[in-house]
Amino acid sequence: MTELLEVKDLSRSFGGLQAVNKVSFNVQKNNIKALIGPNGAGKTTLFNLISGMLSPDSGSIMFDGRPVHGLQPYQIASKGLARTFQHVKLFPKMTALENVMLGRHTHSRAGFISSMLSLPWTWKEEKAIREKSLEIMDFLGVSELAGSEATSLAYGQQRIVELARALACEPALLLLDEPAAGLNMRETAEMAHLITKIREMGITVLIVEHDMSLVMDISDEIIVLSYGEKIADDVPLAIQKNREVIRTYLGEEDA
Amino acid sequence: MKPGRYLPIAGLIAAVIGVQLLTYYTGSAYMLTQLTMSAYYSLVIIGLCILIGYAGQISIGHAGFFAIGGYISAFLTTYDLLPYKSHGLITFLSNAGLLVRTEDLYGSQVLHFQPWAACIMAVLFTIIVAYFIGGPVLKLKGHYLAMATLGFGIIVYRTVLGTSFFGAADGLSDVPPFVLFSGLEVSGKASGRVQNYYIASGLVIAGVILLLNLVHSRIGRALRSIHGAEDAAGAMGVNTAKYKLNIFVLSAVFAAIAGVLLTHYNGGIGPSEASVMKSVRYVAIVAIGGMANIWGSLIMGFLLNFLSLRGYFGSFDDAVFGAILIIIMLFAPEGLLHKGLFSGLKRLFSRPPKEEGQT
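These protein sequences, in sequence, are chains F and W. All letters in the first sequence, in the order written, are residues 1 to 255 by this note's numbering. All letters in the second sequence, in the order written, are residues 1001 to 1359 by this note's numbering.
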């Protein structure tokens, strides 16, 4: 197995709070790896560090064998790492299709001058962007929402459109920040199905999730964070039996 | 591409010609002067519309860029270089064909920059200033960006007002005509009124086409995404800092070109062109035009500038634009001419749907 993402001794604090403390882990190619932990465990901070929205105080992040820590989010995205957000962040006043089309940004190259002059090759590129975006929306079963304003859609639909936008980047690694948050049971099951379908496309997935059943069902490996530190990193069955994990989630037995 | 996008352009061309014919047959050709000036101001406004409406970055300092363009061009085409003619640099510029010799009002010879050379230098200088200012300033958001650009506008205003070779409070005058091609010149001569109206309008039409293309492209999509959710745009691979800076510079170039040409048309430029109230006026017109609406900005740019230049607002000129800004921000922060307005009007004039579900 080859490592796609290698996180080593990653730390980040906010004032006096050590949000992430010397966390190390690897994500193997074509795996689904989950990141769980109680509220405030540092899961989202870890995601923001990996995607470049925050810079680490110390430690390193290697993506596909090259260091990405300290790079800007757009640079990391262009290396093949896409993400979704805990609170869906679609672009308002743009249709669902336009949102997904923005995901093709790193795979297209029309600049200011060629766009203003509307050079013929930019039309072809624009057409290719549109077709690929529709294809991805079709794959996720939301192509009928293409013309609707993205932020006017139902929350569950917004989540899938956001997923389509991330997939349009054709990422090697997809970071999903609580993809089932705010979804009902049927939608959660659909999301689980979509995530396994995405893995079948050859995309590696790192997922932060609160929904235990979803995580246990679909992940190959699970990392457990508590107060910014990694307390376990194993296959789902072993995690379920891990005493420290149980203590973290359920409290001490011998009270 | 979509022919629908260019259909309104045909309408615009027809309107431009229609207005000229109207002034011709009603014997009010003198109005073309104000229409020409309005066209140049509209050029500033459509450039600002892209920056504010699409990319979501405010600038209350665009009169500064207009003035930089105008003043540099005016200075270079009027400042007499004859006393320095033996200097190596001047000889070099002269040999390169960038300088011209003319006679001043009193018949004595003067040597100054050729308008084309001055125009290009003015625009290049504006680009440099815009990059220099935009780099740090565009890291700010919302009110802070507004204040910083306002500060820039004030600096330009006080600079031209306090610099003697920019004519201080009098500004610069006797700016020569700008010969674009042989037979086509930007100047305020009454004989060239129709010609200049078409030059200015043609420039606006070209500007509208370029900006519409930009809006409907990959870049336009990226700019709108920055407006909507900047961090998400970055996470999708958009170099947000670079795009914001580029669109800021582009809108500054639109302002500078308008500044250069209007200065040649008027034969001079004064410090009022750099004043904060001019910047506020541009922002107010973009706001009433519907923010992210090039056509709305264009129509309002022509209309309100024309009314203002014809003196319809009297001594309340600045107050009118201040009031427009306040009213728009209070009652229609999305701008007056936006898509919602038309559907709202349609709803108002269509019959209410019949109630269903009653037997």
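None of these hints come from the bench; they were simulated from the model. Bear in mind that the values here come from a model prediction, so they are computed numbers and not experimental data. Do not take every clue at face value.
To be verified - Distance condition first, Cα-Cα at most 25 Å in a straight line; then the derived DMTMM-like pairs of lysine to aspartate or glutamate: (1) W:1242 / F:170; (2) F:93 / W:1334; (3) W:1242 / W:1231; (4) F:93 / W:1174; (5) W:1189 / W:1174.
Cross-check of the supplied hints:
1. W:1242 / F:170: 23 Å, holds
2. F:93 / W:1334: Roughly 11 Å between the alpha carbons, so the hint for residue 93 of chain F and residue 1334 of chain W holds.
3. W:1242 / W:1231: Satisfied, since the Cα-Cα distance of roughly 14 Å is no more than 25 Å.
4. F:93 / W:1174: Between residue 93 of chain F and residue 1174 of chain W the Cα gap is close to 48 Å, so the pair fails against 25 Å, i.e. violated.
5. W:1189 / W:1174: 13 Å, holds
The structure does not agree with numbered hint 4 stated previously, though it agrees with all others.
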